[in-house]
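Protein chains in written order, with the numbering used here: chain A, 2 to 115; chain B, 416 to 528.
The set of hints was computed from the structure by calculation and includes no laboratory data.
Do not take every clue at face value.
Unchecked claim - Straight-line alpha carbon distances no greater than 30 Å define the calculated DSS-like cross-link-like pairs of lysine-lysine that follow: (1) K4(A) x K72(A); (2) K72(A) x K60(A); (3) K72(A) x K472(B); (4) K428(B) x K107(A); (5) K107(A) x K472(B); (6) K472(B) x K4(A); (7) K18(A) x K56(A); (8) K58(A) x K4(A).
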Amino acid sequence: SQKIEQNSEALNIQEGKTATLTCNYTNYSPAYLQWYRQDPGRGPVFLLLIRENEKEKRKERLKVTFDTTLKQSLFHITASQPADSATYLCALGVSGGGADGLTFGKGTHLIIQP
Amino acid sequence: KAGVTQTPRYLIKTRGQQVTLSCSPISGHRSVSWYQQTPGQGLQFLFEYFSETQRNKGNFPGRFSGRQFSNSRSEMNVSTLELGDSALYLCASSLAGGLGGYTFGSGTRLTVV
Numbered sequence: 002s003q004k005i006e007q008n009s010e011a012l013n014i015q016e017g018k019t020a021t022l023t024c025n026y027t028n029y030s031p032a033y034l035q036w037y038r039q040d041p042g043r044g045p046v047f048l049l050l051i052r053e054n055e056k057e058k059r060k061e062r063l064k065v066t067f068d069t070t071l072k073q074s075l076f077h078i079t080a081s082q083p084a085d086s087a088t089y090l091c092a093l094g095v096s097g098g099g100a101d102g103l104t105f106g107k108g109t110h111l112i113i114q115p
Numbered sequence: 416k417a418g419v420t421q422t423p424r425y426l427i428k429t430r431g432q433q434v435t436l437s438c439s440p441i442s443g444h445r446s447v448s449w450y451q452q453t454p455g456q457g458l459q460f461l462f463e464y465f466s467e468t469q470r471n472k473g474n475f476p477g478r479f480s481g482r483q484f485s486n487s488r489s490e491m492n493v494s495t496l497e498l499g500d501s502a503l504y505l506c507a508s509s510l511a512g513g514l515g516g517y518t519f520g521s522g523t524r525l526t527v528v
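Isolated chain A, as found in the complex (with noise of 0.2 Å):
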């Protein structure tokens, strides 16, 4: 069956260090993999869009890799802050026009302590 699995416990990182979150999924040939960030209370904040064919993408202190051989994906935050803490989403979409609904792992609580 069709699963996309993320760290379901939180993720304890030390302010200044990389956080790396895992996004794995088996059975889905994804066209494009979103990461998404939620507060407690509010909808999810779309961050960055990787497709099938590429490899990295980054955008500020954020870095997106995509290894469809191993079904993974890899979300890095760099110098990490405390104001980075909230729960990450990982969401495949299937289409490569994006005509379809996203299906979204379960997330990882990410904590930043000072």
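With chain A's structure known, arrange chain B on it following the hints.
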């Protein structure tokens, strides 16, 4: 610019009743999607509308329905509410689907008692 607006923010309904939730997308966005979020299942896709047409549908029973108006505003309806329908219902809009990322509203928290 204004974000995605969902109303109401909170709702309490009784089993068996029906409910209508509203979503106003970002101006110019023609795609509106709906998701259900629960602690156990996470975010699950309900349906997507584009230019008043349902373009995609998730794996939910027929009690869940939606529509989109000519101004891109969307509503979703849940009939014959069950306790398990208690969830955060999120609406997301985009220019033309997922490739540019979705902008989510803050959601409607539905509690069925």
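Taking the hints in turn, this is what the structure says about them:
no. : hint              : result
1   : K4(A) x K72(A)    : 11 Å, holds
2   : K72(A) x K60(A)   : 22 Å, holds
3   : K72(A) x K472(B)  : 25 Å, holds
4   : K428(B) x K107(A) : 26 Å, holds
5   : K107(A) x K472(B) : 20 Å, holds
6   : K472(B) x K4(A)   : 19 Å, holds
7   : K18(A) x K56(A)   : 23 Å, holds
8   : K58(A) x K4(A)    : 24 Å, holds
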